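Q: Here are the chains, one letter per residue:
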Amino acid sequence: MLASASASASFLPRPKPKPHLLKRLASALTPPSPLSPSTGADPDPDQDPTPLFLRPPAHPVPAPSLAAFRRRAAALVPPSAPHLHRHLRWLLADAAHDPDADPALLRAPLGDLEALWLRHVRDRRPFQYVVGNEHWRDLVVAVREGVLIPRPETEAVVEMVGRVEGFEAGWWTDLGTGSGAIAVAVARMLGPEGKVFATDVSEVAIEVARLNVQRYGMQDKVQIRHGSWFEPLEDLKGKFMGVISNPPYIPTDDLPGLQPEVGWHEPKLALDGGKDGLDHLLHLCEGLSSVLKPGGFFVFETNGNKQSEFLVDFLSTKWDSSFHDVEAVLDFADIKRFVTGYRR
Amino acid sequence: MASRLLTRSTAARLLSHLRFSRALNPSDHLPAHGAGLATLLAPGRGLPAAAKPCPTRDPTRWFSSPAAVAEAPTTADGLTVDSIAGKGWTILPEAESDWRSHAAAVAQSVKLIKKRLKWGWILERSRQLSVVLERPDLWDDTVFAGKVSREHGELMGKIKSVNQFEQELMEHIDMLRLAREEDDNELETETMRALADMRRSAKEKELNALLSGNNDSFSCFIEVQAGAGGTESMDWAAMVMNMYRSWAQQRGYTVTIVEEMPGEVAGIKRATIKVDGEYAFGYAKAEVGVHRLVRISPFDSGKRRHTSFAAVAVIPILGDSSTRYQIKDSDLRIERFRSGGPGGQHANCTESAVRIVHIPTGITATCQNERSQHMNKASAMAVLQSRLDQLEIARQAQMNADHTQSLSEISWGNQIRSYVLHPYRMVKDLRTNYEVSDPDSVLNGELDDFILNFLSTSLDEADGSP
Numbered sequence: 035m036l037a038s039a040s041a042s043a044s045f046l047p048r049p050k051p052k053p054h055l056l057k058r059l060a061s062a063l064t065p066p067s068p069l070s071p072s073t074g075a076d077p078d079p080d081q082d083p084t085p086l087f088l089r090p091p092a093h094p095v096p097a098p099s100l101a102a103f104r105r106r107a108a109a110l111v112p113p114s115a116p117h118l119h120r121h122l123r124w125l126l127a128d129a130a131h132d133p134d135a136d137p138a139l140l141r142a143p144l145g146d147l148e149a150l151w152l153r154h155v156r157d158r159r160p161f162q163y164v165v166g167n168e169h170w171r172d173l174v175v176a177v178r179e180g181v182l183i184p185r186p187e188t189e190a191v192v193e194m195v196g197r198v199e200g201f202e203a204g205w206w207t208d209l210g211t212g213s214g215a216i217a218v219a220v221a222r223m224l225g226p227e228g229k230v231f232a233t234d235v236s237e238v239a240i241e242v243a244r245l246n247v248q249r250y251g252m253q254d255k256v257q258i259r260h261g262s263w264f265e266p267l268e269d270l271k272g273k274f275m276g277v278i279s280n281p282p283y284i285p286t287d288d289l290p291g292l293q294p295e296v297g298w299h300e301p302k303l304a305l306d307g308g309k310d311g312l313d314h315l316l317h318l319c320e321g322l323s324s325v326l327k328p329g330g331f332f333v334f335e336t337n338g339n340k341q342s343e344f345l346v347d348f349l350s351t352k353w354d355s356s357f358h359d360v361e362a363v364l365d366f367a368d369i370k371r372f373v374t375g376y377r378r
Numbered sequence: 160m161a162s163r164l165l166t167r168s169t170a171a172r173l174l175s176h177l178r179f180s181r182a183l184n185p186s187d188h189l190p191a192h193g194a195g196l197a198t199l200l201a202p203g204r205g206l207p208a209a210a211k212p213c214p215t216r217d218p219t220r221w222f223s224s225p226a227a228v229a230e231a232p233t234t235a236d237g238l239t240v241d242s243i244a245g246k247g248w249t250i251l252p253e254a255e256s257d258w259r260s261h262a263a264a265v266a267q268s269v270k271l272i273k274k275r276l277k278w279g280w281i282l283e284r285s286r287q288l289s290v291v292l293e294r295p296d297l298w299d300d301t302v303f304a305g306k307v308s309r310e311h312g313e314l315m316g317k318i319k320s321v322n323q324f325e326q327e328l329m330e331h332i333d334m335l336r337l338a339r340e341e342d343d344n345e346l347e348t349e350t351m352r353a354l355a356d357m358r359r360s361a362k363e364k365e366l367n368a369l370l371s372g373n374n375d376s377f378s379c380f381i382e383v384q385a386g387a388g389g390t391e392s393m394d395w396a397a398m399v400m401n402m403y404r405s406w407a408q409q410r411g412y413t414v415t416i417v418e419e420m421p422g423e424v425a426g427i428k429r430a431t432i433k434v435d436g437e438y439a440f441g442y443a444k445a446e447v448g449v450h451r452l453v454r455i456s457p458f459d460s461g462k463r464r465h466t467s468f469a470a471v472a473v474i475p476i477l478g479d480s481s482t483r484y485q486i487k488d489s490d491l492r493i494e495r496f497r498s499g500g501p502g503g504q505h506a507n508c509t510e511s512a513v514r515i516v517h518i519p520t521g522i523t524a525t526c527q528n529e530r531s532q533h534m535n536k537a538s539a540m541a542v543l544q545s546r547l548d549q550l551e552i553a554r555q556a557q558m559n560a561d562h563t564q565s566l567s568e569i570s571w572g573n574q575i576r577s578y579v580l581h582p583y584r585m586v587k588d589l590r591t592n593y594e595v596s597d598p599d600s601v602l603n604g605e606l607d608d609f610i611l612n613f614l615s616t617s618l619d620e621a622d623g624s625p
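Residue numbers (our numbering), protein chains in the order written: chain X, 35 to 378; chain H, 160 to 625.
Think of the hints as simulated: they come from the structure by calculation, not from any bench.
Be a bit skeptical, because a hint or two may be false.
Now the stretches of chain X that chain H is said to cover, found in silico as 3 or more residues with beta-carbon under 8 Å [stated by the list, open to error]: (1) 119 to 132; (2) 253 to 267; (3) 275 to 284; (4) 290 to 299; (5) 326 to 339.
Everything numeric in this text was worked out from a predicted model, so none of it was measured.
Quick reminder that beta carbons are idealized off the backbone N, C-alpha and C, glycines included.
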């Protein structure tokens, strides 16, 4: 499905680099003309950092113009990529206050929307970056270039936390929080004593996580700290009921083969797990005992079967004295996606 | 039992004669089994109109008997609703100030309302339930006891509301005669106006009585499935689904798409919408069955006339948790869309459809409308729950005759309505023979007349005892 989308994408015109300029200066007069092959997609430097779906609906567009856009946009969708029709529907839902109103109030000028759609269809820029959000569990998580888009598999992590006895009152840490999705979802389940400390080394991630925490009113429950893995938690050693992390785990050699939406657009920092993909996971395992309380719980997401089996074996043989009930947990596709366990 | 009914009816008769003494203690008229039951008898969802304030009642409200009386209220000289209706008094327009005409109109309405409520059946059922309620070991099974007392309460609420209405009519008639005897013009005008008001609210109650089924007040799912015949019938199914969406929106219901299987070329193979709002099920259940379309198919290059079919099922969303089917987690198999491959950080996929299979019954539910798997799962669970509830309702169908068929049970022979766009234009309901010559308005959601016609025909023709 995706491969064919990319094949047909090559027939489409290439975008101009600055969609807003395109619109303001040229779009009315000249049709978009092919440019040199694009080099993947760096975030537009002067693009509005506010996610599209949160911008004010300040651009009235008459219904016929919007309908014409809809037709043009749909015409770009190859029959082999029906999911793009869904994306178009969602794009309009997110970009317009009420897409059926006349005039519809858009959150970006129609020309920008057109450019965004082209970049999605042609450059394989992830749909989530286009609208600036990902619907994840019952949350609408703001995302943008520079943070990993939360994956559906990861939704299960929150349920695992919810099954830990007494989790409501505990202190939790989400290491490498990215968009803050896990931190916010966990925080929303906690009782008055519960807290989440979310760390990330990326400044963009810190900014986006802060936005998401704010959007869900979790400022009192979630503390965001800037730094690598355990570093910002020096003062909280031995205080945590649980450690959660979805660290980069893809082996470096696999990165070039990733689907374009991921490989070309998502941050390497959040994907690259080193030679075997285990660099960060092993680092996290080593730090566990110092931050967890006795009896504390941990859950890591991994690259799947082999990594999980390795980690389970590693933790329950080498560090048998520190951990118990270490096991690999299946995701919905029956892949051993998670490793969980308890500190002794 | 019989003796108590006798005493109660005697009390009622006494009361209607002595009703100028206002100091009567209402609790004297409660059935013998005590104060505990009094709370159980509180009307639950009774007649929809019972909740609406009825301005006519106010001046005479305190005359009414507080007891729910199964026997017919009478006037001082022994008139009852039945005898009034039987007198054949001419019913004149509302504007005419003739008390006989007003009384006859109200009496006719009361008879119709009773028929629609299946009066004989609810009297019998409430008697049976009160016997059960008196069993000393009833509350050993609290779930059962709760069900019984709730149903009893609802039935008593309906009975009471109708009886009060009858009582009110009798009181007005007596009052009018009294006014005439005493030459009290003011009282006479006032009573005449009250009778005219009763006539109007009786019409409203007639309509509301159409929706007195057990589950009528709930929201519902509407499912549409295309019949054989490829693209043409898939397009027809989409038209039918659109008709319901517009109908529901015009009625002020909230509509959400739960599941949609698009056809390859056009239309839908099957779709489910959720219609949220009061009495959505009560109305929509009239649409269950097969809808037939005759037209020149836009998908036929030979411009030939085609006949296609779409099946419609309607499932109530039960609000009351105690009557719901209990689903065990271990009975579920949850299938999610998976892109294949290694998943996790490797994949970016916005497809998040979830399908849930209830293993013991084989019933499934799918949701793909939401943007996260978590939400799709929650929606699919709600659909599954309602399908299983429907199964449970079907199991109890002999009792309350409130069963609507699921898509799989609807036979394609069970046509309920024909929509003809060519060679002439007409929509005709095959159950009621109601027809209109403007198919466009119907396809745009103007279904109320069809629905009300069907509801009244099916209830009024049913063999309900008076």
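Q: For each hint, tell me whether it holds in the structure or not.
A: Each hint tested on the structure:
1. 119 to 132: Check passed, 3 qualifying residues.
2. 253 to 267: As far as the stretch 253 to 267 of chain X goes, the hint is violated, because 0 residues have Cβ atoms under 8 Å from chain H.
3. 275 to 284: holds (count 4)
4. 290 to 299: holds (count 4)
5. 326 to 339: holds (count 4)
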